[in-house]
Amino acid sequence: MAKARPLGVVPLGDSAAYVEFSSTLDLEVNSVIQRLALAILKRNVPWVRDVVPALGGVALHFDPDNPEFPGNPLEAALELVTDSLKAALEAKAEPGREVELPVCYESEFALDLAEVAKKAGLAPAEVIERHAAGEYRVLMMGFAPGHAYMGGLDEKLAVPRRASPRAIVPAGSVAIANEQTVVYPYAISGGWNVIGRTPMVLFDAARQRPSLLWPGDRVRFRAISREKYIEMASGQ
Amino acid sequence: MSIRVLRPGLLTTLQDHGRHGFQRVGLCPGGAMDKVSLALANALVGNPPDEAALEITVIGPEIEFQEDTLVAVCGAEFESAFPHNRPVLARKGTRFNVGRAKRGARAYIAVAGGFAIEPVLGSRSTYLPGHFGGFGGRALKHGDVLALRDASAHERFKSLKKAKDGTVRWSAPPLTLPDREPILVHVIEGQHFASFDSTSQRGFFDTVWRVAPDSNRMGFRLSGPPLGRPQADEILSGPTCLGSVQVPPSGVPIALMADHQTTGGYPRIAEIVSADVARLAQLAPGGKVHFAKCSLEMAGELRRDARERLQSALRGIEWEYGKKTK
Numbered sequence: 000m001a002k003a004r005p006l007g008v009v010p011l012g013d014s015a016a017y018v019e020f021s022s023t024l025d026l027e028v029n030s031v032i033q034r035l036a037l038a039i040l041k042r043n044v045p046w047v048r049d050v051v052p053a054l055g056g057v058a059l060h061f062d063p064d065n066p067e068f069p070g071n072p073l074e075a076a077l078e079l080v081t082d083s084l085k086a087a088l089e090a091k092a093e094p095g096r097e098v099e100l101p102v103c104y105e106s107e108f109a110l111d112l113a114e115v116a117k118k119a120g121l122a123p124a125e126v127i128e129r130h131a132a133g134e135y136r137v138l139m140m141g142f143a144p145g146h147a148y149m150g151g152l153d154e155k156l157a158v159p160r161r162a163s164p165r166a167i168v169p170a171g172s173v174a175i176a177n178e179q180t181v182v183y184p185y186a187i188s189g190g191w192n193v194i195g196r197t198p199m200v201l202f203d204a205a206r207q208r209p210s211l212l213w214p215g216d217r218v219r220f221r222a223i224s225r226e227k228y229i230e231m232a233s234g235q
Numbered sequence: 000m001s002i003r004v005l006r007p008g009l010l011t012t013l014q015d016h017g018r019h020g021f022q023r024v025g026l027c028p029g030g031a032m033d034k035v036s037l038a039l040a041n042a043l044v045g046n047p048p049d050e051a052a053l054e055i056t057v058i059g060p061e062i063e064f065q066e067d068t069l070v071a072v073c074g075a076e077f078e079s080a081f082p083h084n085r086p087v088l089a090r091k092g093t094r095f096n097v098g099r100a101k102r103g104a105r106a107y108i109a110v111a112g113g114f115a116i117e118p119v120l121g122s123r124s125t126y127l128p129g130h131f132g133g134f135g136g137r138a139l140k141h142g143d144v145l146a147l148r149d150a151s152a153h154e155r156f157k158s159l160k161k162a163k164d165g166t167v168r169w170s171a172p173p174l175t176l177p178d179r180e181p182i183l184v185h186v187i188e189g190q191h192f193a194s195f196d197s198t199s200q201r202g203f204f205d206t207v208w209r210v211a212p213d214s215n216r217m218g219f220r221l222s223g224p225p226l227g228r229p230q231a232d233e234i235l236s237g238p239t240c241l242g243s244v245q246v247p248p249s250g251v252p253i254a255l256m257a258d259h260q261t262t263g264g265y266p267r268i269a270e271i272v273s274a275d276v277a278r279l280a281q282l283a284p285g286g287k288v289h290f291a292k293c294s295l296e297m298a299g300e301l302r303r304d305a306r307e308r309l310q311s312a313l314r315g316i317e318w319e320y321g322k323k324t325k
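Heads up: the sequence lines are chains A and B, in that order.
Under numbering that gives the first Met the number 0, the first sequence has 25 at position 26, and the numbering climbs by one with no breaks.
Under numbering that gives the first Met the number 0, the second sequence has 75 at position 76, and the numbering climbs by one with no breaks.
The set of hints was computed from the structure by calculation and includes no laboratory data.
By construction, the Cβ of each residue, glycine as well, lies at the ideal position given by its N, Cα and C atoms.
There may be inaccurate statements among the hints.
So the derived list for chain A, only partly shown, Cβ under 10 Å to chain B, looks like this [said to hold, decoys possible]:
{"hint": "1", "residue": "Leu24"}
{"hint": "2", "residue": "Glu27"}
{"hint": "3", "residue": "Asp153"}
{"hint": "4", "residue": "Ala157"}
{"hint": "5", "residue": "Ala204"}
Selected chain A positions facing chain B (Cβ under 7 Å, derived; list incomplete) [to be verified]:
{"hint": "6", "residue": "Pro10"}
{"hint": "7", "residue": "Leu11"}
{"hint": "8", "residue": "Asp13"}
{"hint": "9", "residue": "Ser14"}
{"hint": "10", "residue": "Ala15"}
{"hint": "11", "residue": "Arg48"}
{"hint": "12", "residue": "Leu54"}
{"hint": "13", "residue": "Gly55"}
{"hint": "14", "residue": "Pro63"}
{"hint": "15", "residue": "Gly141"}
{"hint": "16", "residue": "Phe142"}
{"hint": "17", "residue": "His146"}
{"hint": "18", "residue": "Ser210"}
So that you can see chain A by itself, here it is in the shape it has in the complex:
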């Protein structure tokens, strides 16, 4: 478990810190980070406001006005990480849940499928098949509420981002770039290659669990027809 040691800790302002484990993406390290983030959350430390697992480390956001806050965010973060690491590595249960996302890959939703197929040297149908066959893991969430960066993309599908981002990517768009896949939670600008759309609502502030996906979740995509998409989208 040589990889499960922090490389270093940097301040994010004076009341948050980022404990870095790797400066490149390593799925094994990220899995440790997911367990670590859960172990820190479970401690319910009153002056810890947010625990954010990221691709290569974990960010801790503190409440500096809490009288119990020790004062130095770097020392506080390192101590929390060191104290939680053992419990995290020993935890038997896999972090996250299994989530299945229905996706319609038909051409009206798959805005960049032809382009991706060309770049990858595959038939469009094979791009869909490989994407739908994958098993993904939520490595980090960010960019927008409910927006998950998922690892586990078939390496044959690893194409770069679009040269120019779209001003508006429709809500629910399933997209790929490099070695990851994402789902756009709402209409927003973005540069990933769109290959389908889910009828599911990724983030709804009125729900008890506002986000459909959480860090560490294991995600599968299931191909659905256009009819099924419309039926499900109108039922949301």
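Knowing the structure of chain A, use the given hints to seat chain B on it.
Below, chain B alone, put in the same frame as chain A:
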């Protein structure tokens, strides 16, 4: 009890201290851009400091009070016949017309008892990018009617010392307004500071930056000489924080403000200390700022000093209300 919006102003939203605990699913804490002025505005009407108030931006609104209401506006100085930084008993039918900001960019209109709005994910703050929180998840529009919680305005007003003619003779100190520009903002070196070329490292601290017109509650773009890195390699996307200063490939730095993204793939050259974020939030587009380097220890001292100044002002207001102070 309610108020009616006759003219919404440039950007008027309900904001409180924000929502915590959701950054791991990509939702920032948000809330008031200047949480110091929010706390003062609330204290002036006898509210707890984190009650929701109207954040008004650069051009203020015109609102009508439907009942007698105890109200205070605090933060930027706006053109208005209405006295700033003090509690005012606005009579039923009074129209509160706020013009342009003269000094600063944002002010908070607090009403005694607060707005009768249900919290979403633990906060009444409006999160504009996600269309939720506050008043229907959006900025106020002409004709909106906002319900208020009943707070017996007259009783609260009467408990104030030296209350006469609908207001008082004292005012709260403006803690976040610039005396002059450029304002000085302290920063800690960001994780990727060393990866910038030496001209950019010096330039970051030597430049008087201007807040660009396309700045908003998510971030302030800073106009000045573009900053560069000798090896323009992509960095692994990582977490960000309120006050992180990111530099995209264009070289134009962006200071992340209240509604910031929680992760980013751009190098972070600096992190603005928490004590100075509210002062930066008081710059309108065109406003000038320069950055001074400080240590993490000094950032902590600045934070404690700022908190002490605010606590002292809040104690002063409580004393005027005849409350016992600690």
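Status of the hints after comparison with the structure:
1. Leu24: holds, 6 Å
2. Glu27: With Cβ-Cβ at 15 Å, over 10 Å, it is violated.
3. Asp153: Nearest chain B Cβ about 21 Å off; hint violated.
4. Ala157: violated, 14 Å
5. Ala204: Where the cut-off is 10 Å and the nearest Cβ of chain B is about 4 Å from Ala204 of chain A, the hint holds.
6. Pro10: holds, 5 Å
7. Leu11: Check passed: Cβ of Leu11 of chain A comes within 4 Å of chain B, closer than 7 Å.
8. Asp13: OK, holds: Asp13 of chain A within 7 Å of chain B, min 4 Å.
9. Ser14: Holds - the Cβ of Ser14 of chain A comes within 7 Å of chain B, reaching about 6 Å at its closest.
10. Ala15: holds, 5 Å
11. Arg48: Cβ of Arg48 of chain A sits 4 Å from chain B, so the hint holds.
12. Leu54: Where the cut-off is 7 Å and the nearest Cβ of chain B is about 5 Å from Leu54 of chain A, the hint holds.
13. Gly55: Gly55 of chain A check passes; min Cβ-Cβ to chain B is 5 Å, inside 7 Å.
14. Pro63: With a closest approach of 6 Å, the Pro63 of chain A hint holds.
15. Gly141: Where the cut-off is 7 Å and the nearest Cβ of chain B is about 3 Å from Gly141 of chain A, the hint holds.
16. Phe142: With Cβ-Cβ at 6 Å, under 7 Å, it holds.
17. His146: holds, 5 Å
18. Ser210: Cβ of Ser210 of chain A sits 4 Å from chain B, so the hint holds.
Hint check: violations occur at hints 2, 3, 4; the rest are consistent with the structure.
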